[in-house]
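J.: Using the sequences plus the hints, can you model the full thing?
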Amino acid sequence: MLTVARRGKKRLNLDSDALAVLTALINLLAQETIARTAQTAANTGDRQVTKEHLKRVIAQIMLDFAV
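For the sequence shown, full-length UniProt numbering gives the first residue as 1, with consecutive numbering after it.
No lab work stands behind these hints, which were simulated from the structure alone.
Yeah, the Cβ is synthetic: ideal placement off N, Cα and C, and Gly gets one too.
A hint or two may mislead.
Straight-line C-alpha distance at most 20 angstroms; calculated SDA-like pairs for lysine to any residue [unchecked claim]:
#, residue 1, residue 2
1, 55, 45
2, 51, 36
3, 55, 32
Label-pair distances were calculated between CB atoms; the ranges are [what the hints assert, rightly or not]:
#, residue 1, residue 2, range
4, 47, 9, 51 to 57 angstroms
5, 29, 50, 17 to 23 angstroms
6, 64, 1, 27 to 33 angstroms
T.: Shown next, in the form of structure tokens:
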């Protein structure tokens, strides 16, 4: 169990199953962001990914992962 926040005197906890799901989701988000950013760089003829490439994909990534 992991304590993630405190609200007043109450503690909010994540059990191990919820933590595993959250970890998998974060990994998937990171992998997809890296892949899309690399593709954006390649599409513009760049061989190095920069923050400008990331800025181009981040809004769509956040929309795609919105729940």
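J.: Of the numbered hints stated previously, which ones are contradicted by the structure, given in increasing order?
T.: Per hint list: zero violations.
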